[in-house]
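Peer 1: This is what each chain is made of:
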Amino acid sequence: MSPKAAPRSTRKPPAKKASAKKAPSRRMTAPAKGVKVRMYRTGLGDCFLLAFPKGRSRKDAFYLMIDCGVYFRTPEPGNVTRIRQIVGDIRDATGGRIDVLAVTHEHWDHVSGFHSTQAQEIFEKEIELGELWMAWTEDLRISLARDLHEGRVAARAALRQALTRMQGLGAQSTTAELVGKMLDFFGGSLEGSEAAAGLGMGAAGGGGSVFGAKKSVQTEEAMTWLRDAYGKDRTRFLEPGESPVALAGVSGVRVYVLGPPEDPVLIKRSDPTGDEVFPKAMAAAVEASFFAACGVMPGRPEATPSDDDLQEALSMSIPFDIVYQIPFADVQKATPAAVEEPSGPAADPHFQRYFAAENAWRRIDGDWLEAAAEFALQLDNATNNTSLALAFEVGPPGEGKVLLFPGDAQVGNWRSWFGKVKLGQRELGKDMVWKAGSHDVTAEDLLRRTVLYKVGHHGSHNATLRQQGLELMGRSDGTSELVAFLPVDEHVARELAHYGEMPLRSLIKELAIRTGGRIVRNDEGAQPKDAESTLAPIEGAPPIRPSKSFLDASTELYFEYTVAPPD
Amino acid sequence: MAQDQSKQRKEETASSTPQEAARPSGAPHGPVPASPDPPYRRLRVYTFDPSLATQLETSLINQMVLRVPWEKLDRGPVGDYLAVIDTDPPSNCFYAPVDLNDPALLAQDGLAPSEGNPKFHQQMVYAVAMSTIQNFEQALGRRALWAPRFERDAKTREVTSSAPVHRLRIYPHALREANAYYSPDKKALLFGYFPSVLSNPVEGLPGGLVFTCLSHDVVAHETTHALLDGLHRYFAEPSNPDVLAFHEAFADVVALFQHFMQPEALRHQIAKTRGDLASQNLLGELAHQFGQAIGSRGALRDAIGRVNPVTGKWEPQVPDPELYPITTEPHDRGAILVAALFDAFLSIYRSRIADLLRIATGGTGVLPAGNLHPDLVNRLANEATKTAGHILHMAIRALDYCPPVDITFGEYLRALVTADWDVVPDDSLGYRIAVIEAFRRRGIYPRGVRTLAADALRWQRHERPSFYGLLRELLDSMLREEDWERRRLTLEWQATGRREDIGKLNEQYRFIAWNWIKRNLPADSEEARSLGLALGANAPSTIFRSRFDGLPTLEVHSVRTARRPVEGGSTKLDLVVELVQRRRGYVTHERQAEAEKEPADSQRFWKDLQADFKFRGGCTLLIDGETGDLRYCVLKSIRSEARLARQRAFASGRDPSLRATYSPADPRAAVREPFALLHRSR
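Chain order of the listed sequences is A and B. For the first sequence, our numbering assigns the number 1 to the initial residue and increments by one for each residue that follows. For the second sequence, our numbering assigns the number 1 to the initial residue and increments by one for each residue that follows.
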């Protein structure tokens with residue numbers, strides 16, 4: 001990930017790869033006007049293909065792909081097999097060329113398809129890429145982006161260590177479960193190699209510490225491949241508020257970049273309106289102190305810490321001078337030999353109070369690790385909040401219909417689209433107004449004109465805003481054109497990912513009301529397992545309509561829908 | 001509470017003076033008798049927290065000496081109440097325990113305050129926790145006990161056995177985060193340390209370590225959580241929005257009023273504010289350093305005002321009755337109760353010093369500009385200490401007048417009024433009126449009282465004459481029995497004797513009371529009903545039934561004694577008996593109705609009709625220890641459908657927190673450590 005390797009926005013893809021032209025019958029055509037949208041049914045994970053008309057021929061389409069991934073623990077054949085099948089179909093549908101690939105954020109359920117264990121090879125060998133779009137947060141030449149990135153790397157390493165320790169303590173803990181789930185969203189672990197990479201800072205406590213935390217995980221590998229190989233010299237990093245982006249050769253379409261916000265506070269927060277005190281308490285220094293206890297020192301990629309640096313970080317993280325420390329192991333070893341040495345700490349009855357079997361229930365070896373849950377949630381929020389949020393407008397500038405693809409943007413990201421966010425007496429982010437034709441376009445305009453909403457974060461509770469979100473879209477009598485595309489598999493979400501409320505029932509209800517029951521879900525046809533399931537009818541909301549009744553195509557592999565520009 | 005109060009202490013009727021008094025005085029001949037143990041152990045501590053040392057103005061009052069009751073101490077310190085064990089799991093080490101019996105330490109009031117020496121940290125948590133315990137014991141006139149340990153079935157979470165817990169564990173360096181808590185599961189206080197994030201670099205070193213165990217307020221707050229849990233275990237169950245808020249508020253009240261027992265700091269602040277304690281001062285703030293270190297502009301909490309985030313200036317708080325109904329976060333809601341009690345304190349203090357001010361100003365009562373005369377400062381400080389002591393004792397004593405479950409702020413107000421009435425029947429200084437007024441200004445009203453006059457708020461005497469003789473028999477049956485060493489039981493068991501025996505004796509008294517009720521209180525009687533209980537076979541089906549006789553279960557939750565001064569300087573003992581039943585509650589009315597229709601032994605209660613929450617009810621009885629009269633009966637009826645409906649609304653109305661989305665299986669997860677200084681998940 002050398003920063004030099006990714007210059008900003010170069011055009012001209014080198015056409016060295018002979019794209020495989022196969023099965024023309026499976027080509028996805030573009031509509032005469034407007035856009036055709038495919039949601040590939042990966043399950044719990046995003047994969048979209050958009051076809052815009054380009055030039056004269058209907059075959060000559062502009063293909064824009066958004067994300068390609070599936071949740072880490074999805075069972076086969078719904079996992080790798082499925083992704084390969086889908087990417088194969090994309091190759092055929094596009095004739096082996098994608099004009100733009102937009103990758104929203106670094107989570108496995110959005111990028112697994114680009115990993116070497118999934119469909120990377122198909123992309124590499126059989127699909128030519130025009131341009132790669134990523135959020136500015138992936139541009140590691142920008143210092144804030146680099147900080148966020150390094151912060152995520154360190155957080156993952158620390159959480160992995162915390163998790164290992166929790167498992168080592170053998171306690172059944174909801175925290176351990178939660179941390180494990182969060183790490184799954186980075187494509188599971190490379191536990192073996194990560195542990196082996198530990199530099200063994202024994203004094204930091206616990207075996208296998210990872211000072212420096214340089215090991216990547218699978219999501220990062222996928223992102224690195226995209227940025228440094230597949231999208232090399234043709235990556236465009238998008239910034240919120242920049243002038244609407246045109247698609248080469250396509251008329252009457254423009255893309256508004258809404259997020260991620262250029263403010264670290266907004267990115268780190270799942271809810272910027274909440275209490276001010278706690279997130280501050282979790283500020284960098286506190287984080288660093290916790291991470292140090294996990295043997296992780298957040299570092300810059302260009303600066304490999306020396307032993308002296310590590311030693312200094314270590315001594316700064318411990319609360320007292322080293323002479324006060326009595327290593328845990330020395331006390332715990334209540335071996336006869338140790339007891340014979342009357343002056344040794346292991347023989348001290350004071351310490352043995354702590355280790356006595358009848359007092360085992362009062363030990364606190366793992367309590368400090370409970371804070372890891374907070375860091376894990378923060379990591380998850382911060383990653384979702386780096387989502388590239390895009391709005392596509394088809395039709396006349398400032399008056400067209402809008403397709404909203406927010407990635408998995410959570411509250412901090414979403415709120416920033418509407419301008420500065422007030423937090424206490426501070427204002428975060430910036431005001432954004434786009435010039436489109438003679439119109440001044442705001443986020444509110446775009447949401448009001450939205451006719452297709454890709455539901456954020458698979459329908460979780462904190463990735464679709466209410467007042468500054470869904471309530472601007474569609475109409476409460478369901479008579480508008482709005483449709484919702486919801487890439488979710490409820491059974492996987494609830495049973496394997498243990499997301500209790502994904503999708504959130506009250507959100508589905510509101511979506512059903514505002515779309516008049518036109519919600520397209522990847523798990524359409526699945527049976528509800530209980531009354532809590534959102535697959536079951538919801539009282540007070542119109543029934544979900546079968547997708548066949550309003551889509552162009554509804555197959556086992558994908559859903560297809562056309563948005564025509566306004567008359 | 002260790003300061004120059006010996007004169008005042010003599011006035012206190014309830015005290016827990018150690019049992020050293022009975023030693024034989026020196027015989028004329030024979031060996032020289034050993035010197036008696038001293039009454040106190042003097043230990044140096046930070047007055048509030050280390051932050052005062054950084055400013056010249058406050059550096060003089062940065063430390064003080066606490067006098068805690070003398071007890072035999074092991075290294076740790078480990079005594080009769082507390083065991084300080086200094087393990088630091090994040091740093092993977094232990095710290096050597098302090099030996100407070102070391103002559104070098106005895107001779108100089110313990111170690112000098114130091115952030116860099118873990119042994120001083122151990123000394124300070126011990127000293128502050130002990131003085132908090134001492135305040136409780138003085139107010140209640142009996143030994144403080146910790147909540148027993150419950151072993152639960154891993155699957156059903158039902159309690160399978162319980163055992164008394166002798167010592168509260170204190171871990172001064174348990175966490176690496178900006179937090180501290182009392183863990184009800186481990187009966188332990190866990191304190192964290194963290195690098196500070198200062199918003200105001202004048203106050204200290206940015207990135208410097210902050211130790212929560214060196215904050216008087218944090219230690220007193222968490223110790224109070226543990227003491228309250230020992231007394232009212234069900235106050236940890238959030239059955240209405242006030243319950244956890246009450247826990248927080250009460251812990252803050254104790255920490256706050258203990259400030260006024262620190263004489264140097266008090267005099268300093270009175271001189272600085274010229275006697276006006278309603279202006280910004282250190283005494284009304286809680287956890288100053290902690291608040292600064294996590295980046296807020298003032299202390300963590302402030303009972304009298306706060307820094308306006310827009311202007312950056314401190315502003316006094318204006319009571320707002322609109323806040324109480326809409327504030328739900330326990331610390332914030334609790335702050336309303338704290339502010340009310342502090343407000344009452346200020347009014348009483350003002351009325352108590354009015355004459356002093358007049359004397360000092362030749363009758364005008366208007367102080368001239370400039371410094372106050374040191375004598376006046378001393379006298380004002382005295383009044384402040386006295387007032388704070390009274391309010392603190394009143395607040396603690398009221399705990400014996402609370403219902404056993406489901407406490408609300410309004411009920412606590414009634415408990416305060418009643419408890420105070422029992423001690424000071426003639427309210428000439430207007431304490432009760434000040435308290436009622438302060439609550440009223442914040443919109444806190446008890447349910448079901450006709451007026452806010454003190455006599456209307458006082459718990460009503462139980463009106464059934466049949467009870468008078470009835471409970472006399474309960475007392476008699478207790479005093480007929482013997483303990484395991486064949487000693488006659490008395491009503492003094494909680495104030496004398498070895499502390500570790502009290503837990504065992506409590507079990508015996510509870511058992512006697514349970515047996516007596518089972519035998520003598522007819523299950524379907526009016527008497528049982530008037531105690532808020534449902535004991536007969538025709539009780540609602542959702543009330544838990546006994547496996548043995550199929551009748552509703554009854555828990556004698558607690559039997560304890562409350563000491564009450566009476567005319568002529570002597571004291572009387574009341575017996576406090578708490579009776580609790582539990583009932584299945586459901587988040588929808590339909591399911592509740594369905595469950596009520598089932599027979600009481602229906603298997604569906606274990607299958608498709610498992611309860612969504614536990615609804616508890618019962619009563620607290622205050623019984624005159626001499627006559628057996630039922631003085632008060634504080635009701636929380638298990639039959640109350642209205643209260644059940646309120647709890648249902650509360651249980652179903654809580655928003656899924658962020659964390660609940662990711663781990664929905666266990667709703668307890670979000671409140672696993674319900675008494676954290678800051679809640680980890682919001």
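Mixed in with the good hints, there may be bad ones.
[To be verified] A few chain B residues that face chain A, going by a derived Cβ cut-off under 7 Å, partial list only:
#1 G79
#2 C93
#3 P97
#4 P118
#5 A174
#6 P184
#7 A188
#8 P195
#9 W314
#10 W421
#11 V423
[Stated by the list, open to error] With a Cα cut of at most 30 Å, we get these calculated DSS-like pairs of lysine-lysine:
#12 B:K313 / A:K268
#13 A:K181 / B:K313
#14 A:K529 / B:K313
#15 A:K422 / B:K272
#16 B:K155 / A:K430
#17 A:K529 / B:K186
#18 A:K181 / B:K186
#19 B:K597 / A:K529
#20 B:K313 / A:K420
#21 A:K36 / A:K181
#22 A:K401 / A:K435
To be clear, the hints were calculated from the coordinates, so they are not data collected in a lab. No experiment lies behind these values; they were computed from the predicted model shown. We put the CB at the ideal spot given by N, CA and C, even for glycine.
Peer 1: Please write out, lowest number first, the hints stated earlier that are contradicted by the structure.
Peer 2: 1, 6, 9, 10, 11, 13, 14, 15, 16, 17 and 21
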